Amino acid sequence: EAQVTQNPRYLITVTGKKLTVTCSQNMNHEYMSWYRQDPGLGLRQIYYSMNVEVTDKGDVPEGYKVSRKEKRNFPLILESPSPNQTSLYFCASSPLGDGYYEQYFGPGTRLTVT
Amino acid sequence: AQKVTQAQTEISVVEKEDVTLDCVYETRDTTYYLFWYKQPPSGELVFLIRRNSFDEQNEISGRYSWNFQKSTSSFNFTITASQVVDSAVYFCALSIPGPKSSYKLIFGSGTRLLVRP
Numbered sequence: 001e002a003q004v005t006q007n008p009r010y011l012i013t014v015t016g017k018k019l020t021v022t023c024s025q026n027m028n029h030e031y032m033s034w035y036r037q038d039p040g041l042g043l044r045q046i047y048y049s050m051n052v053e054v055t056d057k058g059d060v061p062e063g064y065k066v067s068r069k070e071k072r073n074f075p076l077i078l079e080s081p082s083p084n085q086t087s088l089y090f091c092a093s094s095p096l097g098d099g100y101y102e103q104y105f106g107p108g109t110r111l112t113v114t
Numbered sequence: 001a002q003k004v005t006q007a008q009t010e011i012s013v014v015e016k017e018d019v020t021l022d023c024v025y026e027t028r029d030t031t032y033y034l035f036w037y038k039q040p041p042s043g044e045l046v047f048l049i050r051r052n053s054f055d056e057q058n059e060i061s062g063r064y065s066w067n068f069q070k071s072t073s074s075f076n077f078t079i080t081a082s083q084v085v086d087s088a089v090y091f092c093a094l095s096i097p098g099p100k101s102s103y104k105l106i107f108g109s110g111t112r113l114l115v116r117p
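Just so you know, the sequences run in chain order A and B. Using our numbering, you'd call the opening residue of the first sequence number 1 and step up by one each time. Using our numbering, you'd call the opening residue of the second sequence number 1 and step up by one each time.
The hints are all genuine.
With a Cα cut of at most 25 Å, we get these calculated DMTMM-like pairs of lysine to aspartate or glutamate: (1) K104/B <-> D38/A; (2) K3/B <-> E59/B; (3) K65/A <-> D98/A; (4) K104/B <-> E30/A.
Calculated directly from the structure, the hints in this document are not laboratory data. Here the structure is a predicted model, which is why all the values come from computation and not from measurement.
Input sequences plus hints: build the corresponding full structure.
Encoded structure:
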């Protein structure tokens, strides 16, 4: 089944404790992206990747890191999480980064930072 | 500024009523794409439709229809004879050229639709 998977689905952590949210897609998509969803703000892009080893900042990259060493994986790293990073996170992928294709979203990761 | 505005934060209707979700966008680009996504209570995001900036033809898919008007920068979504299963948050999104030949997807804040039996 074609899908985007994220792990963990739920995470409660404390300020400053490094964490990684994994994202994997099995559709051989070139483009991958991370979003955060906050009430009243919709989804905002954190980072995106046009292909392996090609990543760039979205609208809200502060406090996050990403890497794209393999085509299928695009982990999101919070080196020192803070309470303002409490949010619902979505990973997404699409065949190309040309804007035409719809994005396929993972199930979401709900992160709480205390 | 390039943005998407969904002015209706929440809409509540009774089953079988028709309902229209508004979406207004701003962009300086001549080539862009517009999308609607649905987020049911289970939380996942589901693609509904895509429109490119050169195609103003309206589209109908079952009970769903979309009206794209470049003159008013709007891409509205109508559900005819709404059903309880239509209850969800609906997002309108604009895809525009970004840096380094990329494209950027800008979401509206979403409209929560509640369909009551």
